[in-house]
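Engineer: As a plain string of letters, each chain reads:
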Amino acid sequence: MQEHNISKGNFEQCLKCNICTQVCPMFEVNPHYPGPKQAGPDGERYRLKDPSFFDLTLKYCLNCKSCEVACPSGVKVGDIIQIARLKYGRQSNPLRDRMLASTDLVGTVASVLAPVANPILAFGPAKRVMDIFGVDHRRTFPKYSGEKFEQWFKKNAAPAQSRFKEHVAYFHGCYVNYNYPQLGKDFVKVMNACGYGVSLLEKERCCGVALISNGFGKQAAVQAAQNVDSIRKAGAPVLTTSSTCTFTIRDEYRNVLGLDCADMASTVELAVKWIYEKIASGKVNLRFRPDFHLKVVYHTACHMQKLGWALFSQELLKMIPGVELVVPEQHCCGIAGTFGFKKENYGYSQAIGQPLFDSLLAAGADAVATDCETCKWQIESGTGIPVLNPISILAMALLTD
Amino acid sequence: MKFDVVIIGGGKSGTLAAYKLARAGKRCAVVSAGHCLGKTFRREFIALGGTFLNGDRVTGGNVEGGRVQYVRTENLGENTVLEAGHFILCTGKFFSRGLISTIANIYEPVFGCDVLYAQDRSEWTVDDFFAKQPFENFGLRVDDSSRVYVGGNVISNLYAAGEILAGEVDIEQSVEKVCRNII
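Residue numbers (our numbering), protein chains in the order written: chain A, 1 to 401; chain B, 1001 to 1183.
Take the hints with a grain of salt, since some may be wrong.
What the hints assert, rightly or not - Short, incomplete list of chain B residues facing chain A, as computed with Cβ under 10 Å: (1) A1033; (2) H1035; (3) R1043; (4) G1049; (5) F1052; (6) R1057; (7) T1059; (8) G1060; (9) L1076; (10) E1078; (11) R1097; (12) T1102; (13) I1103.
It is worth saying that the hints were derived from the structure and are not from the lab. Idealized CB from N, CA, C, for every residue including glycine.
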């Protein structure tokens, strides 16, 4: 008798309770999406018999993993859907999807052309052209920074790091490198205040989350293997400031791309978790400005919820005297990375985000704190409230000599 | 991380207990292994500033001197534990994995609490499908203050409430009883 489950993603454990469907943010707003139970474990039974049972509406899955967080039976509903999409899916708009997913290539080109690219990307008629191309005209691309974070680091921060005895490595991610180096600068400032030097990885590629969600599994696996290699060579804890990069490296590389890298779970973690634990164990002591005041509402990004680490960000923020923290119930913001940029998805994206926008606005805070960069874009465009990474808030509140 | 009360399980009884204790000014954390009923109490608990660990699972606890000192969870990992003065087990029965049944026995997976159940497996069920099944009444043995036993010894700060208890259970009353003891 077979006593234990041997199915992939635990799908035989699905008891059809539909709790996943009930919490799915896409199912709530989109009648065309069959919901995680049917798209995941139910559909998998058919797909195993015949791949032509693959349902094209699986493209609506945000890969937010709310279904997995909710599942009382441990079924990897989201993973099952992602793997099916990579195996059987095809792009509805391959050129656009390739462009949205190629964060390293587009980022490198746009950083060089930043003085020209930024005004063009924000320019009305250019947005109309993008719209024809399949990128919704109501979206504004995040600005590209002229100087990449890696360049700034090598020029301005790297030499000073050797004065520290202990070091951490930083996986900065595409957003910090191409769009928002300030977060990387804040990270270096905070780590140095903790008494740790920062180094970069030998070679960092985009974590590949956009490639996975746009169906470019092979390319994602190549980049993943390069990152795993660099992370293993780091010889120090590898810290991040993006919940999605972290989640992708720890979980998706192994569970969705099938890489043999279980060690990533103990090597890679979010800086907020690492710093909290250092402070809690008395190894690090941060000093804060006495005149700092900020009312902050914390948004738990979906992948942060899946990691289960929102508590670390919240507790760190609470340690700052002068921070008043409000934590509402978790709700998906609806953007899901490149998903919300696509013309056909914009409406769903906004409909999902609306209840969150309302609850954040109701908090009456000066700023929203969140650990995810695409949530930041969505919330800033949906509410007008500035959105900061908790590491940036720490950096702002630090007492510096 | 220190709390007044850590509630293991975020279903009906867990969220109700959390809400009642938070209302009474206790700093509480709920570890909820899956989404469940009890949305309203969860919402109110979070609005009161309670900590709700969604989709996390308690993997084990440290019991010393007849008291639970702390518990660990899957997501918080090796370096962070949840410490508290009181702990409440609200993990329900078999579906929610508060109790695990195997071919040989029935056990409580977090602390290995004493479970009251028929030792002879043939007595777990009756043939009549529509009849009340004996296994529905299996559950934890508790003392007069709803505290559980491990290996025959009572754990002085570990309570149980809700479906996980043995016998016919009134969820609201079982929660009320535990909360009264703690407040």
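Engineer: Of the numbered hints stated earlier in the document, which are not met by this structure?
Structural biologist: Numbers 7 and 8, in rising order.
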